[in-house]
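Fit chain B to the known structure of chain A by using the hints.
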Amino acid sequence: MKMEELTPHIEELKRVVGEKASEEELIDELNTYLNVYHVSIEAAVKGIKRKYGDETPLFVTASSIAKKIKEMTGDEKNVDLVAKIVYIEEKQITARGVPKTIFSGILGDETGTIPFTVWDVGKFELVKGETYNFKNAYGKKWNDKVQLNFSERSTAEVSATPIKTPERTISYSGDVKISELREGLGNVTVTGKIVSAENKTITSKGETKTVLAGYIADDTGKVQFTSWNDLGLKVDEAVCAKNAYVRVWRGIPQLNFGDQCEISRVDGIFQNIQSGLNKRSIADIIKVGGGLDIAVTGTIVDVRTGTGLIKRCPECNRSIIGDECTSHGKVEAVNDLRMKIVIDDGTGALSSIVTRDATESLTGITLDAAMAMASDKGDQDAVLKAIDEKVLIMNVTAVGNVLSDDYGPMMIVREIKQIVTDMKKEAEELMVKVEASL
Amino acid sequence: MILRETAWRVFAGEMNLSTLERKGDDEKAPTYLITPLGTRLSRVLVAGVLLDKENIGSPEDPLWRARMEDVSGSYFINVGRYQPEAATAMASLETPSFVAVIGKIRTYRPDDTRMYVSIRPERIMKIDAETRQRIVLETAQATWGRLNNVKLALSMPDASIDDLVTKGMTREEAEGVTEAIGFYGTPESTRYLKLIQSSLRMLLPDKEIDLGLPEDVSDMPDEIVIDEKTTAGDVDKEDLVLNMLGELDKDGRGAPMDELIRRAATEGIANTELEEITNSLMDKGLVYEPVLGRLKRI
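Protein chains in written order, with the numbering used here: chain A, 53 to 490; chain B, 88 to 385.
Misleading hints may appear alongside valid ones.
[Claimed, not checked] Ranges between beta-carbon positions, derived for each pair: (1) 174(A) to 380(B): 40 to 46 Å; (2) 180(B) to 413(A): 27 to 33 Å; (3) 132(A) to 115(B): 33 to 39 Å; (4) 457(A) to 344(B): 44 to 50 Å.
[To be verified] If the Cβ cut is set under 7 Å, some of the chain A residues that face chain B in the computed set are: (5) 353; (6) 396; (7) 398; (8) 400; (9) 401; (10) 460; (11) 473; (12) 479; (13) 482; (14) 484; (15) 488.
[Said to hold, decoys possible] List of simulated lysine-lysine pairs, DSBU-like, C-alpha gap at most 30 Å: (16) 115(B) to 193(A); (17) 238(B) to 193(A); (18) 115(B) to 192(A); (19) 469(A) to 383(B); (20) 437(A) to 238(B); (21) 140(B) to 437(A); (22) 122(A) to 254(B); (23) 437(A) to 110(B); (24) 254(B) to 120(A); (25) 213(B) to 192(A); (26) 193(A) to 371(B); (27) 110(B) to 193(A); (28) 437(A) to 213(B); (29) 254(B) to 192(A); (30) 294(A) to 115(B); (31) 129(A) to 110(B); (32) 331(A) to 254(B); (33) 254(B) to 485(A); (34) 229(A) to 115(B); (35) 339(A) to 254(B); (36) 213(B) to 442(A); (37) 238(B) to 476(A); (38) 129(A) to 115(B); (39) 339(A) to 238(B); (40) 339(A) to 110(B).
Hints were generated in silico from the structure; no laboratory data involved. The C-beta atom is built at its ideal place from N, Cα and C for all residues, glycine as well.
Only chain A is shown next, with the shape it has when bound in the complex:
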């Protein structure tokens, strides 16, 4: 290739690379690309630009499209938008076992707001209240909500013209019943009765702070709350909390009253406060992820190994094999009795661990009887078999807290009892429904 033909490319390179390389170096580089590696002139120019720090995205699968927040559907592979940072925070997460810092927050434009995450924080400096031109972001759906994500190929430039966001800048889920609280709802308004409350001292971001923590309940359920400021909440008071937000711990939703939260007193509006049981279908529990004092009714469809007699460490109460605890070494093991069962109500399946008292009352086999059974037969599994025979296919109502982890939701059952279905009544009800529809 003649020098004259290369000149415009070299000019372009000089402009992009600037001070980082001399013209001679650029010509040398270009020569290597073209005559040693025999790549096309376009590829050579691109390669050299990247080498000297050009940030133009290398792999763009589709040309980007510009959108407003309201138009986002969650399947955008490459989207540009102009938006204001309504809220931003730094978060520490663990991605594939490696600790990582990300930014997460909320973006707003004239049409609405959207949660966002910056996965590669190195190149982003985002300031709350500032408007940016975002390029090469991508959309995703999580928990049925659309989110915006910024990867390493995304860019953000401060926009000269700040945009106006609507008054209510945070996604708002409106009035929500306590049983419907789950992660990703945004701000919510919850009306309920304070069932219990106590002051707690916590350390947050190096500061010691006193918060009020307790339980709030409505006619659908009960949830733990934390009030981060003194809002004058009192036990037995019925309140409407506007702009509260949800955080989830091990699948259990918790309600938070933060700086934005407004509390108003309401007159006793609930006939039935669910401070006790919280009846749910298993499909519902799986959707939400967990909760407190939940009651499910279903069939025991499996009795798993790990059911029966177990040994626990007296220090940490974890189940151990033999007399060795992984944390406390050789210990005087404590005998215990439990069940690991699966309850299935036809909408979903829920793994459950049943504590000793509840196991004893459902099976009629006490810990002492179980120990005698095991030593009589010289077989640890004898207890598992006896329990299995008694409870498999039994219809039960179980009460406890439901937690979630990688293996899905799990109920820690503290009460369980057999349910006898009133078959005649239910069959008649079904008949009436079917006849009415014909």
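The following block gives chain B in isolation, referenced to the frame of chain A:
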């Protein structure tokens, strides 16, 4: 997060009519059998009367085949060595008796138009009459719920999955119903109402229950009858092939494939059909390939 599959309550009359299979979205998700009412089956909980059972394996290495009847037809049941708990239970079950089964769906597809559905129990147990009634009731209630979901989906022909979820279906139900309607078309509701009617007649013997359904649809779907006959025919061929394998396996290293093909041809079993039979036998855990080109009975 991998969730345990729900044990769906489903009548034989709904399950056996299914011919649509769909791999789940998740990498580790199972293949689901989608019924005409949109239930996505991988696991079921069913109850009925155990009518026949037969050990076609050996006492040491049992392979149980059984038939259980509910209000609507028969469930076909296979229990092999990989279901030790169910196999042990199977040995002591009597016919006839009330039995409940929790198990996985298995399908066998001899050609593009037919599909045979059976259950491979994880657990099978004797139950009392009351437990049987309870499971029938739950199944009738569930069938009623599914009929209503189908009706709702048909009334909103342009509805998206999200729209159906807004109307109160779970995502799973909405996806299943949409897929079922797309594949099977509008289900014959009378057929399913009859299942519910039969259940109610059993549960409320003192009541004269007549939902006024046309009598031309038999209480036992025709397919079940065809099902049994053809299944029997296929089973005979499977037995035939099993016998051949035994004869051709002269050195204990398995029967050579080419000899099996020649031998099958003399019995009127073409190559493609033989392949289906051997696949089905492998599926059932009756034969395996010790080396390429050889097939051996287990």
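A quick look at each hint next to the structure:
no.: 1; hint: 174(A) to 380(B): 40 to 46 Å; verdict: 57 Å, violated
no.: 2; hint: 180(B) to 413(A): 27 to 33 Å; verdict: 30 Å, holds
no.: 3; hint: 132(A) to 115(B): 33 to 39 Å; verdict: 36 Å, holds
no.: 4; hint: 457(A) to 344(B): 44 to 50 Å; verdict: 48 Å, holds
no.: 5; hint: 353; verdict: 5 Å, holds
no.: 6; hint: 396; verdict: 5 Å, holds
no.: 7; hint: 398; verdict: 5 Å, holds
no.: 8; hint: 400; verdict: 5 Å, holds
no.: 9; hint: 401; verdict: 4 Å, holds
no.: 10; hint: 460; verdict: 5 Å, holds
no.: 11; hint: 473; verdict: 5 Å, holds
no.: 12; hint: 479; verdict: 4 Å, holds
no.: 13; hint: 482; verdict: 6 Å, holds
no.: 14; hint: 484; verdict: 11 Å, violated
no.: 15; hint: 488; verdict: 11 Å, violated
no.: 16; hint: 115(B) to 193(A); verdict: 21 Å, holds
no.: 17; hint: 238(B) to 193(A); verdict: 29 Å, holds
no.: 18; hint: 115(B) to 192(A); verdict: 22 Å, holds
no.: 19; hint: 469(A) to 383(B); verdict: 50 Å, violated
no.: 20; hint: 437(A) to 238(B); verdict: 45 Å, violated
no.: 21; hint: 140(B) to 437(A); verdict: 24 Å, holds
no.: 22; hint: 122(A) to 254(B); verdict: 23 Å, holds
no.: 23; hint: 437(A) to 110(B); verdict: 35 Å, violated
no.: 24; hint: 254(B) to 120(A); verdict: 28 Å, holds
no.: 25; hint: 213(B) to 192(A); verdict: 49 Å, violated
no.: 26; hint: 193(A) to 371(B); verdict: 41 Å, violated
no.: 27; hint: 110(B) to 193(A); verdict: 22 Å, holds
no.: 28; hint: 437(A) to 213(B); verdict: 15 Å, holds
no.: 29; hint: 254(B) to 192(A); verdict: 24 Å, holds
no.: 30; hint: 294(A) to 115(B); verdict: 42 Å, violated
no.: 31; hint: 129(A) to 110(B); verdict: 25 Å, holds
no.: 32; hint: 331(A) to 254(B); verdict: 21 Å, holds
no.: 33; hint: 254(B) to 485(A); verdict: 19 Å, holds
no.: 34; hint: 229(A) to 115(B); verdict: 34 Å, violated
no.: 35; hint: 339(A) to 254(B); verdict: 16 Å, holds
no.: 36; hint: 213(B) to 442(A); verdict: 12 Å, holds
no.: 37; hint: 238(B) to 476(A); verdict: 27 Å, holds
no.: 38; hint: 129(A) to 115(B); verdict: 25 Å, holds
no.: 39; hint: 339(A) to 238(B); verdict: 24 Å, holds
no.: 40; hint: 339(A) to 110(B); verdict: 22 Å, holds
Checked against the numbered hints listed earlier, the structure breaks hints 1, 14, 15, 19, 20, 23, 25, 26, 30 and 34; every other hint is satisfied.
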